[in-house]
Amino acid sequence: MRLINCVSLVRNSVHMLPRPTLRNLVGILGFILLAIGLWKFKSLVGLLLLSVAISFIGRPVVLLLSKIKIKGRSFPTSVGAAVSMLLLFVSALGIIQLFAPLVNEQVEAVQKLNFDQLATATGQSTAWLDDHFGAINFSGDNRSNSQFVLEQLESSLKFEELGERISALLAQIGSLFFGIFSVVFMAFFFLKDGALFRNIIEAITPDELMPKVQSILDRTSQLLTRYFGGLVIQVSIVTAIVTAGLELIGANHAFLIGLLAGLCNLVPYLGPLAGTALGVMLVVLSGPEATSPAIIGGSLLVFAAAQLVDNFFTQPVVFANRVHAHPLEIFIVISIAGSAAGILGMVLAVPAYTLFRIVAQELFSGFKLVDRLTQNLK
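In our numbering, the protein residues as written are 3 to 380.
The hints are simulated quantities; they were obtained by calculation from the structure and are not laboratory data.
You may find that some hints are simply not true.
To be verified - Straight-line alpha carbon distances no greater than 30 angstroms define the calculated DSS-like cross-link-like pairs of lysine-lysine that follow:
1) Lys194 / Lys214
2) Lys370 / Lys194
3) Lys42 / Lys214
4) Lys214 / Lys44
5) Lys194 / Lys44
6) Lys370 / Lys214
7) Lys73 / Lys194
8) Lys71 / Lys214
9) Lys194 / Lys71
Unchecked claim - So the derived label-pair ranges between C-beta atoms look like this:
10) Leu88 / Glu204: 24 to 32 angstroms
11) Ile338 / Ser80: 36 to 44 angstroms
12) Ala55 / Ser80: 19 to 27 angstroms
13) Ser223 / Gly252: 42 to 50 angstroms
14) Ala296 / Ala94: 30 to 38 angstroms
15) Ala242 / Phe333: 22 to 30 angstroms
16) Val54 / Leu31: 20 to 28 angstroms
Only a predicted model underlies this, so the values are computations on that prediction, with no experimental measurement involved.
Glycine is no exception: its CB is placed at the ideal position from the N, C-alpha and C atoms.
Please model the complete structure; the sequences and the hints are all you need to start from.
In structure tokens form, the structure reads like this:
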């Protein structure tokens, strides 16, 4: 009898809830389940989103070719998609070819290393460890610090572990090729049918939510287009500053190092540090004359100037205005994403947060937190 009364009480309580409140609760539950599902299959979702991004990049080529008339018939979209993918492939190959001379130069520098001098330097380094850190025992036993460090290096290079490492490397290479094939395959069909992704989303959307989902798709496309346009501006600004600065101080491969610094800058916060370290190292290794204090100091000043412009102009002005979010808000989101998903999470943090805010505004407006987070969205 008590069980029947409890069930009746719960049923009456649910019926007493206002319809909007019940709808919002169901919507929140559905959103949480969707987020869990996306996280569980994040690798597949990442490949899908990458293919969609590539289709956005190549879509103008397909649209341009579709305007061509052959005997009164439009250019086939399948051929346009194939041409677009071929152009993207050639562009990627061209970028790789640009960096080929720089890579070859570094390989030759490694081949010219004097390993006798390297062994002497290693011995001096281990002796320095014993001389300066003798009071601190790294091993926890009676071994010297130099012996402990050398044993750790030897253990990391054990031949019995070589087979496992080769197997892991082959597995990663296989996964890489599968990922590339998946992205190319999906991107081709997204290019062939420009509305395919939108049709998939609309097909799984309930009719009553269709207007809001269509609004989400339109606004997301608009804001993300502005954001990726901002990325192009960011890479261009950093590349131009670093290239011009390195040319002024007489460094070799100025444009390639500038482009590399600009691409590294796509990773928020950590990317600029990595780009600066890698860029200065490439400048130093580009020739004997590049080891002078003037060249090294000048290159550091060039990278510092590029980062000042990026941090005080590009990041707060271009990106904050393009996604309508406060700079501190962006910093917190990127930090959380980096902790959860590493470098990839930092790169995708702002687009994902933009999508989250648009979805929240469309489906959950009326909640105080949602209204505060989305008040600047237009």
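Could you work out which of the previously given hints the structure breaks and list their numbers from low to high? 2, 8
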